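Starting from the known structure of chain Z, arrange chain H on it as the hints suggest.
Here is how the chains run, residue by residue.
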Amino acid sequence: MMSDNLPGRPLVGTLAIAFVVLLLVIDTVQSAPINPFAAPPPVALGSGEAPEGAHCTQP
Amino acid sequence: MPTRAGLILMALVLVVGTFAMTGPRAALLMVVGLGFGLVLEGLRFGFAGPWRVLVTERDSRGLIAQFLAIGLTAIIAFPLLAAFPEELGGAHAPVGIAMIGGAFVFGIMMQLVMGCGSGTLVNAGSGNLIALVALAGFIGGSFLGSLHRNWWTELGSLRVYTLQGLFGDNAGLFVTILLLIVIAALALWRSAPGKRIPPARLWWAAALIAVLAVLNLVIAGQPWGVVYGLGLWGAKLAQAGGMDVAATAFWSLPTHAERLNQSLLTDVTSLTNIGLMAGAFLVMRWRRAPDAQVAPISAASWGVVLIAGVLMGYSARIAFGCNVGAFFSGISTGSVHGWAWFIAAFAGSALGLKLRPKLLRPAPVAGRMVSA
Numbered sequence: 000m001m002s003d004n005l006p007g008r009p010l011v012g013t014l015a016i017a018f019v020v021l022l023l024v025i026d027t028v029q030s031a032p033i034n035p036f037a038a039p040p041p042v043a044l045g046s047g048e049a050p051e052g053a054h055c056t057q058p
Numbered sequence: 000m001p002t003r004a005g006l007i008l009m010a011l012v013l014v015v016g017t018f019a020m021t022g023p024r025a026a027l028l029m030v031v032g033l034g035f036g037l038v039l040e041g042l043r044f045g046f047a048g049p050w051r052v053l054v055t056e057r058d059s060r061g062l063i064a065q066f067l068a069i070g071l072t073a074i075i076a077f078p079l080l081a082a083f084p085e086e087l088g089g090a091h092a093p094v095g096i097a098m099i100g101g102a103f104v105f106g107i108m109m110q111l112v113m114g115c116g117s118g119t120l121v122n123a124g125s126g127n128l129i130a131l132v133a134l135a136g137f138i139g140g141s142f143l144g145s146l147h148r149n150w151w152t153e154l155g156s157l158r159v160y161t162l163q164g165l166f167g168d169n170a171g172l173f174v175t176i177l178l179l180i181v182i183a184a185l186a187l188w189r190s191a192p193g194k195r196i197p198p199a200r201l202w203w204a205a206a207l208i209a210v211l212a213v214l215n216l217v218i219a220g221q222p223w224g225v226v227y228g229l230g231l232w233g234a235k236l237a238q239a240g241g242m243d244v245a246a247t248a249f250w251s252l253p254t255h256a257e258r259l260n261q262s263l264l265t266d267v268t269s270l271t272n273i274g275l276m277a278g279a280f281l282v283m284r285w286r287r288a289p290d291a292q293v294a295p296i297s298a299a300s301w302g303v304v305l306i307a308g309v310l311m312g313y314s315a316r317i318a319f320g321c322n323v324g325a326f327f328s329g330i331s332t333g334s335v336h337g338w339a340w341f342i343a344a345f346a347g348s349a350l351g352l353k354l355r356p357k358l359l360r361p362a363p364v365a366g367r368m369v370s371a
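The listed protein sequences derive, respectively, from chains Z and H. Sequential numbering of the first sequence, starting at 0, is according to numbering that gives the first Met the number 0. Sequential numbering of the second sequence, starting at 0, is according to numbering that gives the first Met the number 0.
Read the hints as simulated data drawn from the structure, not as lab findings. Any given hint could be a false lead.
Listed below are the simulated SDA-like cross-link pairs for lysine to any residue, each with C-alpha atoms no more than 25 angstroms apart in a straight line [said to hold, decoys possible]:
1. H:Lys-353 - H:Glu-86
2. H:Lys-353 - H:Trp-203
3. H:Lys-194 - H:Ala-184
4. H:Lys-357 - Z:Asn-4
5. H:Lys-194 - H:Val-52
6. H:Lys-357 - Z:Leu-5
The following residues of chain H were derived to be distant from chain Z, with all beta-carbon distances above 12 angstroms [to be verified]:
7. Gly-41
8. Leu-177
9. Ile-182
10. Leu-185
11. Arg-189
12. Lys-194
13. Arg-286
14. Phe-345
15. Leu-352
What you are looking at is a predicted structure, and each value in this text was computed from that prediction instead of being measured. Even glycine gets a Cβ: it sits at the ideal position worked out from N, Cα and C.
Extracted from the complex, chain Z is given alone in its bound form:
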């Protein structure tokens, strides 16, 4: 559905998803390869490990 000359939601939503895909491609090129053998336990609770992720409340 169009609103005057603005692109419709399906096209804009697809562009948003395409941006994420492009970002992941760029990231793959410049980041260290993922080591599947170093993957953390499936669930943090009960793992015995401290959380290692980053959060916006961290210093």
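Frame of chain Z, contents of chain H only:
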């Protein structure tokens, strides 16, 4: 147009692909992110919209649903954090001058772009053009904010206070629930008749959001967040553009340097952010007739949206979070900064509502106002 079976297949490919590349935890977090997107877009649960209608229409139904989701999450998160302090962490940050100012500015901006942190991702994924433009600014602003955050924080801040730390685990939860009830009661008292009790859709949404937020905490070891991932996306793009991001004060800290060096598919908030956008996209395509695009706005107003997105990302970074990381996750895990964020952002939101008709103008030809 993809069939509904095709949309389900897309979701499965996303989850299975994440599992194959990164492992089970990343796949589970992608599922959680997808769940957030499906619930937020499918059941139309938001943050900025309810704050707007509370002021403009004395409609408290959305805010009550938000408080219900936060309260339900807190009831489970507080005992979990107390029982497993080595494995789980809360969204705890210090109250400070820049934190309060950042929340105030964020409140203004989220009414200009008609979406908060999660709302911008959901709206962009569901094809809202204003949100997509704002998201570009949000990513840039979050990254810029990370570069300056230490300077802002040094303007003055308290140490980190939590309600558990001040009152004890059980009493901290009691105070949290009591505060939510008191503010909800105030909102109900001030609301117009017929605009007090949330519809069934929002009760379900609140319960599901709480379940997903607890799952996020249990799986990742940390609460639901949005802004960190967007700042990291900006850092990755800046790095790709040739900037030595790793040499900056913020991104040279061990935790952030690790995230900068590793794949986005190993970053908790990036995974849930991607899932959230994908979930909103799937809901939009699932509908037989997608919602109408936003009404056209003037060229200058598009510039306002972009700048507002930048300021929203910047302010969220120096405020230690947005409506998700600070307001939702902060309050539901006992951080005093979550309450300070709520008060400051709500005040900013009220100002943003006054600025919105002055700064966002309809396109000259269309001659219509923007709808939220």
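Would you list, in rising numerical order, the hints stated earlier that this structure does not obey? Checked against the structure, the hints that fail are numbers 1, 2 and 13, while the rest are satisfied.
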